[in-house]
Amino acid sequence: MNTVQLECFTAVAEYLNFSKASKALKLTQPAVSHQIQALEEELEVKLFNRTSKNVTLTAEGVLFLADAQLILKTALSAKERLKNHEDFMAFDLGCHNHMVLNLLPPILKELLAEFPLLRPTLHLVPFPSLLSMVENGRLHAALGTKDEQKKTFLPFKEFCTAPIACVCSPNHPLAGYKALTKRQLSGNFITCSPRHVSDSIFTVQSSILANLPPEQRFFTESIESALTLVKAQIGYTLYPDIPTAREPGLCYIPVTNLPSIAFGIYYQYNSDYPVLQRFLLLLSQHMEKPLAQSDSK
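So for the sequence shown, the numbering used here puts the first residue at 1; every next one is plus one.
Since the hints were derived computationally from the structure, they do not count as laboratory data. Because the structure is a prediction, the values reported are computed rather than measured. Glycine is no exception: its CB is placed at the ideal position from the N, C-alpha and C atoms. It is possible that some hints are incorrect.
As the list claims (entries may be wrong) - Under the rule of at most 25 Å between Cα atoms (straight-line distance), these lysine to any residue pairs were calculated in the SDA-like manner:
(1) K151 / F202
(2) K146 / P173
(3) K146 / R246
(4) K73 / F202
(5) K146 / S193
(6) K73 / G137
(7) K178 / F202
(8) K73 / E7
(9) K146 / P128
(10) K73 / T51
(11) K151 / S260
(12) K46 / A90
(13) K157 / L276
(14) K73 / A90
(15) K73 / E60
(16) K182 / S200
(17) K73 / N136
(18) K73 / S22
(19) K146 / P105
(20) K46 / T58
To be verified - Distance windows between CB atoms, simulated:
(21) T74 / K20: 24 to 30 Å
(22) F153 / P116: 31 to 37 Å
(23) P105 / A232: 43 to 49 Å
(24) F153 / T56: 23 to 29 Å
(25) E114 / A75: 23 to 29 Å
(26) R217 / F153: 46 to 52 Å
(27) P243 / I71: 35 to 41 Å
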């Protein structure tokens, strides 16, 4: 496996067209096809489904894309550090949705003020791959909900316990409730792919889905897609309510008889990296502020 193969793979994955990828890479189309074929042979999997009309990623191709992008970024970062002779401080953080990213700007701003050579890299990674990337040292830490159903040796620092909430538009019939029970949930339900939520959350979503007629079931690839359908007033979804990561303009109504989910961060075992230790402290302080504000009301 080499960077040329990975660049060809990521380019075709971006354009889903060998001709366009070849032009972007300034290589011939046969050369790009040869590099991907060699990569597939080495990995012993098929990365693309090819027909005369279109190109799509296989399930294995989707899983490998995040790894390929990370390897290329790491190689580029190493090259830049050697070229510039700068002692940059890498900091690789992972999460599996954009809402969690909303927590990070004020913390990263403060971190950069303390560590001017810090070069943070943020990775959106499908949930099944997230913890393994921390375990393998490819991420310093990963933010997300605790998955009790997945065994890992990684330390987990809990920041809050998030109740499962009914997330709906202000015009939805359920929006008028201050709290709900599972029995009171009604209407079209929007669920997420298990690749982008933890097993614990997917189990809760599936328990609702199983009792609905087909015409009330809506499936999406990610929580971002689910919230888009919620905003379109198509239905509601269920997701842990973390106040600092809420999507603006939507209602979050706690479902009292569903289990709460721990939200926090998985990080490398026995890590004494000063950036990570400071990040954990700043994030903990940031998460406590909304709780303190709500308690004072």
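Which numbered hints are broken by the structure, listed smallest first? Failing hints, ascending: 2, 4, 10, 12, 23, 24 and 26.
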